[in-house]
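S.K.: One letter stands for each residue in the lines below.
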Amino acid sequence: MESIFLNILLVLVFLFYLIAVKVKDLLYAIIILAAGNTALAVIFYVLQAPDIALTQAAVGAGVSTVLLVNAVNKTRRKE
Amino acid sequence: MQEKFALSLAVIVGLFLILALYSGAPSFGSFPDRPLLDTEDNTIPSIGFPILEGAPEKPPDGLGVPNVVTGVLWGYRAYDTMGEATVLFTSVVGVIMLGSHTGMLSLCKVVGMTVIVKTVASLLTPFLFLFGGYIVLYGHLTPGGGFPGGVIIAAAMTIILLAYGVRFACSRIGFIPCEMGEELGAIMIVVIGIAGFFTGTYFLQPWAFFGELGDLLSNVKIIILNFAVGLKVAGGMLLIIYTLLTSFGGE
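Residue numbers (this note's numbering), protein chains in the order written: chain A, 147 to 225; chain B, 67 to 317.
These are computed hints drawn from the structure, not numbers from a lab.
Please read these numbers as outputs of a predicted model, since none were measured by experiment.
Treat the hints with caution; some may be incorrect.
Stated by the list, open to error - Here are the simulated lysine-lysine pairs, BS3-like style, with alpha carbons at most 27 angstroms apart:
| hint | chain 1 | residue 1 | chain 2 | residue 2 |
| --- | --- | --- | --- | --- |
| 1 | B | Lys184 | A | Lys220 |
| 2 | B | Lys70 | A | Lys168 |
| 3 | B | Lys70 | A | Lys224 |
| 4 | B | Lys70 | A | Lys170 |
| 5 | A | Lys168 | A | Lys224 |
| 6 | A | Lys170 | A | Lys220 |
| 7 | A | Lys220 | A | Lys168 |
| 8 | A | Lys170 | A | Lys224 |
Generate the whole structure from the sequences, applying the supplied hints.
M.R.: In C-alpha cells:
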C-alpha cells in the first residue's frame, strides 16, 4: 500500500518538474515547481525523514517561491 | 531532436533511480515501526538499510536526545551547523552588498491585497509564529530544529509582507532587528562553543544536561544552539527577502 503511494508520488514529482521545465509562462512554472517540492516533502516524510520533510516544505514551497516570483517580477514573465 | 533526447534522458534517469531504490532497499511493508520517542527503553530500532548496519542503535548515554542523528549532529558535530551558519551569513552579506537598502524603502509603493487576504493573513500568522517557535525550541526532542523553524518564522513574516506590503512589514520587523537577530545568532553559536571550555569539554561539544530524556530541558546546549540558529536563519531569510524586494526599485 505504501509502495503504491510512494510510486504515485515519485511519478507525480517527475511530472511536476517536467511541466515546470516545459511550460512557457514562468509564473505558472514557479507554482508547479512549488507543487513538486511539496510532493517531494511528502516523499521524505514517507521515507521516515520528517526533519528533511519540514525543511523541504518550508524552503521549497515557501521561501524559494517568493524569491522566484520576485525574480520574475523584476524580469520578463514569458520565456 | 534535442528536446526528445533530453526527455528520453530524463525518463531513463528516473527509471534508473526508481529501480535503484527498489533493488537496494527493502520493501516498504517490511519496515519496522520506528517510534520517534521511545522513553521506556531508550532505543531506536535500526531502519534496515544495509548501509546502516554498523550504525548505533541508540544515542549515547545521558545525551538527553531521543534520536541518534539529532544527538550526533547537534551534540558532537555542531561544527557542521556552524559551517552552515557561516554559509548563510556570507550569502546574506553578499545580497546586502549587491543591493544596498539605504533610502530605498521610501520609494516603494504601499501595495496591499484585498481585505480577504489581509484577514486570512492576520488570522494565520500568529499560529505560524507559534509553530515556528515550537519547532525551534523542541528541536532536540521532535523533528525540526533551528533551520526549519527559522524558515517558518520568515515565511510567516513573508505572508504579512505579501498581504500588507513591504512598508507595513518593515514597520513591524524592520531591517535593524533582522540584522541584530542575524548577528546575535552568529555570536551565540561561538559563545556556546567557547562555553564548552569552561565546563570541561571541547569546542561545541555537549554540556549542560538538566533532567531526564523527554523533559524540555534535557539538553540545554542543543536548545540554545537551536535558538541561535533559528534566530540567525529567520533574520537572514527576512533580510534577503526585504533587500531583494526593496533595493532594485519598486515592488
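S.K.: Confirm or reject each hint.
M.R.: These are the hints, each one checked on the structure:
For the hint pairing Lys184/B with Lys220/A, the CA-to-CA distance comes to about 24 angstroms; that is within 27 angstroms, so the pair holds. Restraint check for Lys70/B and Lys168/A: satisfied, since their Cα atoms lie roughly 12 angstroms apart, inside the 27 angstroms limit. Annotation: proposed proximity of Lys70/B to Lys224/A holds, straight-line Cα distance about 22 angstroms (limit 27 angstroms). For the suggested pair Lys70/B and Lys170/A, the alpha carbons sit about 17 angstroms apart, so the restraint of at most 27 angstroms is met.
With a C-alpha separation of about 12 angstroms, the suggested pairing of Lys168/A with Lys224/A holds against the 27 angstroms cut-off. Between Lys170/A and Lys220/A, the direct Cα distance comes to roughly 17 angstroms. Compliance with the 27 angstroms bound is thereby established for this hinted pair. Of the pairs offered as hints, the one joining Lys220/A and Lys168/A holds, with about 21 angstroms between alpha carbons and a cut-off of 27 angstroms not exceeded. With a C-alpha separation of about 6 angstroms, the suggested pairing of Lys170/A with Lys224/A holds against the 27 angstroms cut-off.
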